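A.B. asks: Read off the chains here:
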Amino acid sequence: MLRHLCVLVCLAALTLIPGKAETPAVIAIRNARIVTVSGPVIAQGTVVVRNGLIEAVGETITPPADAWIIDGAGLTVYPGLIDSLSTLGLSDAAPMGAPSPSGRRGGGPPSSSSSSGPATPPARGPEDRPLNTSYLLAADQLAANDRRIEAARNAGFTSAVTFPNRNIFSGQGAVINLAGERPGNMVVHSPAGMFLTLRTAGFTAGYPGSLLGVIAYIRQIYLDAALYKEAKQIYAAHPVGNRRPDYDKHLEGVLAAPRILLPASSPKDIERMLRFGQELKQETILYGLHEGYRATPLLKQYNGKALVDLRWPEKSRDADPEQTDSLRTLELRDKAPSTAAELHKAGVPFAFYAGALAQPTDVSRAVKKAIDAGLAPGDAIRALTLSPAEIFGVADRLGSIEKGKIANLIVTTGDLFQDRTRIKYVLVDGVKYEPAPPQPAPPSEATR
Amino acid sequence: MKALLLLTASVLSAAPPIVIQNATVLTVTKGSFKGSVVVQDGKIKEAGEKVMIPPGAQIIDASGQFIMPGIIDAHSHIAADSINESSVSVSSMVGIEDVLDPEAISIYRALAGGVTTVNVLHGSANAIGGKCVVIKTRWGKDREGILFEGAKPGIKFALGENPKRQGMSASTRTPGGPQYLRYPGTRMGVEDVIRQAFNDAKIYQAEWKTYNGRKARGETVIPPKRDLKLDALVEILEGKRLVHAHCYRADEILMLLRVADEFGFKIKTLQHVLEGYKVAKEIKEHGAGASTFSDWWAYKVEAFDAIPYNAAIMVKKGILVSLNSDSGELMRRLNTEAGKTMKYGGLTETEALSLITINPARQLDIDERVGSIEPGKDADLVIYDKHPLSSFAKVQKVLIDGSVYFDRDRDITERQQRELRKKQLLEKEKQSQPQQKKNAAPTRRLQ
Amino acid sequence: MKHLSFFLAATLFAGADDTFVLRGVTVHPVTGPDVENASLLVVDGKIAEIGDAKLKTPKTTRTIDAKGLHAYPGMIDSATQVGMSEISSVRETSDVSELGDFKPQLRAAIAVNPASEHIPVIRANGITAAMAVPDGGIIAGQASLMHLDGWTWEEMAIRIDAAMHLRFPTISTGGFLSRTSFPEARRNYETRLKNLSEYFEQARRYQKAKAAAGPGFKPDLALEAMLPVLAKKTPIMITATRERAIKDAVTWSEKEGVRIVLAEVRRPGESLALLKQKNIPVILGPTQELPLEEDDPYDEAFTVPVEVHKAGVKFAFGSFGNQFSRNLPYQAATAAAFGLPYEEALKSVTLYPAQIWGVDDRMGSIEKGKWADIIVTDGDPLEVKTNVKRMFIQGKEVDLESKHTRLYKKYLARP
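Chains as they are written, first to last, in our numbering: chain A, 1 to 448; chain B, 1 to 447; chain C, 1 to 415.
Among these hints, one or two may not hold up.
[Claimed, not checked] Here's a subset of chain C near chain B, in silico, CB distances under 10 Å, partners left out: (1) S85; (2) S89; (3) V90; (4) E117; (5) H118; (6) V121; (7) D295; (8) D296; (9) P297; (10) A301; (11) N322; (12) Y342; (13) L407; (14) K409; (15) L412; (16) R414.
Derived by calculation from the structure, the hints in this document are not laboratory data.
This one's a predicted model, so the numbers in the text were calculated from it and none came from an experiment.
Even glycine gets a Cβ: it sits at the ideal position worked out from N, Cα and C.
Start from the sequences, fold in the hints, and give me the full structure.
C.D. replies: Following this line, the structure appears as structure tokens:
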């Protein structure tokens, strides 16, 4: 019966997902170089995958008799990459962009938190709970047919932490695997944290209309949430003679989140958000961090964790050629990729996210820039595997090649982030995918 | 052990004393003389015609130059990423402290104009605005480093045209869109908003008092809601937060004084207060300070009776008056703004200087620390090449807490280095460009 | 008896109005060295003599004791909205910007309200004349040089068509709410520039048609107003702030063969050499401004005049507004504090504007034969502390009271 189902699933997956090969339940990759990430590199060894999990890994493993054998000679096995901040699988998400330092822009067009259209009156204060969808769970919103999933997988990503991102309290993320017939197959862990932006309601569109208002609003919500929790507890113990607290889904969502994600790029933003997280007594992860190279002592001081946007800042393409950018901007463009190395040196936990990068080559090139700016290649791999798993509390199941962990693997023709290296196989939950061989982009595409 | 700790402390703060010599010292509160100022451990140790030079002191020769206390701007919006939470008529839940930008270039520019202390205010879109914060222009320091430690917190109020703007139909109508007017739309409504808010604050205050009482008696009670908006107003009622109220016309000034009387709090300063000269008597009686412009007028209807003699009249009527900038540009030359009051109303040199030093210090309750050259005060000093009340004066050096934060010579050297560094970076970027062009297709993630 | 009263009136008023002598005054002619303890004789509104204490004057000449005081030429603000706008934020009180792109026929002078409260306020700081500049569109209209005294705009007007104001098209990518790409901004600019050139072409054809006086010729008020421009009688005041726009404007003016004055020049860069070579004067905006770019030195705006002066380009200051026009002298003073020679600073608000606007035969300095546009002060007029004690425009003493002094006196006396 189970076997039957598996075949069905595989067949279904085959028809739905291009590039996927028929995958038996047991696979052994032999004679490969294995970058376990959690332990030393195995120069030549074997990884055995069974029922979606890593059954064994080592130099002297004998592949089981029932295994489908992949000859790994000349190939390297890595843990599948994890995109630590994405909107994969969420069709309703706003386009990914760099976090807005001033809060003027949080990505995406201004939209009301409610769906009742433009007739909604502007919020008059925190009590109206503007831009608050804290109760949204990415896990509930997933669509397995998001076409971006395959593109990410072809770039070597087998997991992503995906978040709704439209509001100030956008909702709760989920750690997902980047393959699966149904959304339910994909979810590894939920909730993974509350995604906060500093976007405003928009000009004359009600509260909060400014960064000032957004910060005060978030602060008030956490005060309200604390009171809500206390009131519920008191009421549960003493229902007689006390007025019942009103149910508030906006606060339920806030209370359910294990951690929060806040945007920060410049040192002032980093300081502001680290202090804010501490004030709110929330485990805080910062995202963005392009100017993080200047703020490592702060991050260290506050035990900050960082998600670094791999879309490094670039010169605007259609700017006036006679307008030169400020020294600060030039420095930022020059030094942003060194952020990762600086964070590593300072011992600040960090992971990369692909941000608005689309193509496998873009991700690879972006990581290469971080490596050129001083990050050891092994640490770059860690920032895309075990580190994000640790940051989101799923290192017991993702992020390295260890016995018992989820069989998310990539098999490459060489070192990752090298120009000539190709990803030959991608395994998600033990299911094998073969990315289509790369086609050189036609020149018209390249220059568009 | 204690001795050891003390020793470490003194070693840590062992920046050498500074003696600024041969200058004309304008103390503001203790007269002017040719002499020296001695700075030690961030404080003014001595100022006089003859001073004791501490051993190992660094000597700054200021022959022919003038020293005055660092300028204090009681009304500014520099160094903040966000100024106005204009969506609501009472925005006392927000605070500038949350959005300070210690790297804003406006800080350095203010410093180069001799400003060492700044009251950074929320905007004027609301009858009761956001909380404000006092900073020193310690360029190069982080957020913690620029805060004026120990300064009493403040809050912005605003009367007249600005807070009623969103309640006036013509200005909010957008073609095709729905029209939402924000109360109030008149000066009557502005008063109403403030009175309602303080009425709410008193009820809130009482609720918490009741709750605390019951809790103290050991009862199990659900606490009242903490409301950041009302918290700030309760602080005003308790005298813990200074009110700085933007106002123009005499009628609205008087209104606010009476509302404050009604609810039992004080207005610390009336800001802009362009028609303050018309109700100087009432302002004096309430005990409010006045922080005004030297010569702004006619940019809107409520500024049409503004006169450059405003500061002088109010000084003559016994009000504590300061001149402010409300502008990152104007704040760089508050010295000559003060000079104008000698012409417009005939203030003395000391009265003019007081408007930008000791008076604003008193208005911000920081006069124990800054605002004049007196032993024991913070060594916040400005050295000018000419008398600071002259149009031709130029800041040479600015000290804050006894450290030189601005030096014109150093600035001139640094600008060349900056240009050089910029050229190098541009060159570097250019070099990496062709390689980038070859590979980097501007791809977008599939939507 | 009747005869006698007539005689008395004649003696009282004939010399009283615009004939007088200032005695004991230090004269700062601007064009030459200062003269201490001078006697400055004004006859019929014109400067007749700058003599020493012994200067003999007719008995009927009114003597004004100005001992310890200083006489300077009245200052000239080269760009204002004086009289054209009363309260800048109230549309109904502003007549500065007209609709349409090409309106050379509009004349600023006729929209200058002689009863504007701004006029006495500006005057009180020693400014005796100002350019009233219309704005809006590309060719905004004629800027008029006005005396700051007169019962009517006609009496105030010195030269109604002192300049034709043209806001030169620029490539602008930045807006407050919207940004356009550089290529798009460039296309917009090219379209506007093309329209401008076509307009000039149209004006030139009109000029020819008028000269030919054929039977089909019909007068056109707008194109008619372009004729003095084409004839180089009226300069074009071109607003162009930065190097690229300045160079473009100069190239364009060469092509069109017109005379220009550049206005609101702020970041001329290497165009200064070109301006010097073509002998093009500039009107500088206020020096009391923030630097344009984050990386600029803090004193960037303060030092623009020095840069222009060093390049040998003629310049004058304009306040480009209303509210702060009275601070014109302090704009010049700030430039002086940051390196502009003092004499240059003083000339940039007196002699140079008169030269630039083609009226230096009548005003801009204290010289024999020129109008007695004179201020009497207790010190350097560029110093903020200095009081203007008396003012004469064409020899007629002007009241220095204003709305401000009236309110001052009224409320100072409030019990």
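A.B. asks: For which of the previously enumerated hints does the structure constitute a violation, in increasing order of number?
C.D. replies: none
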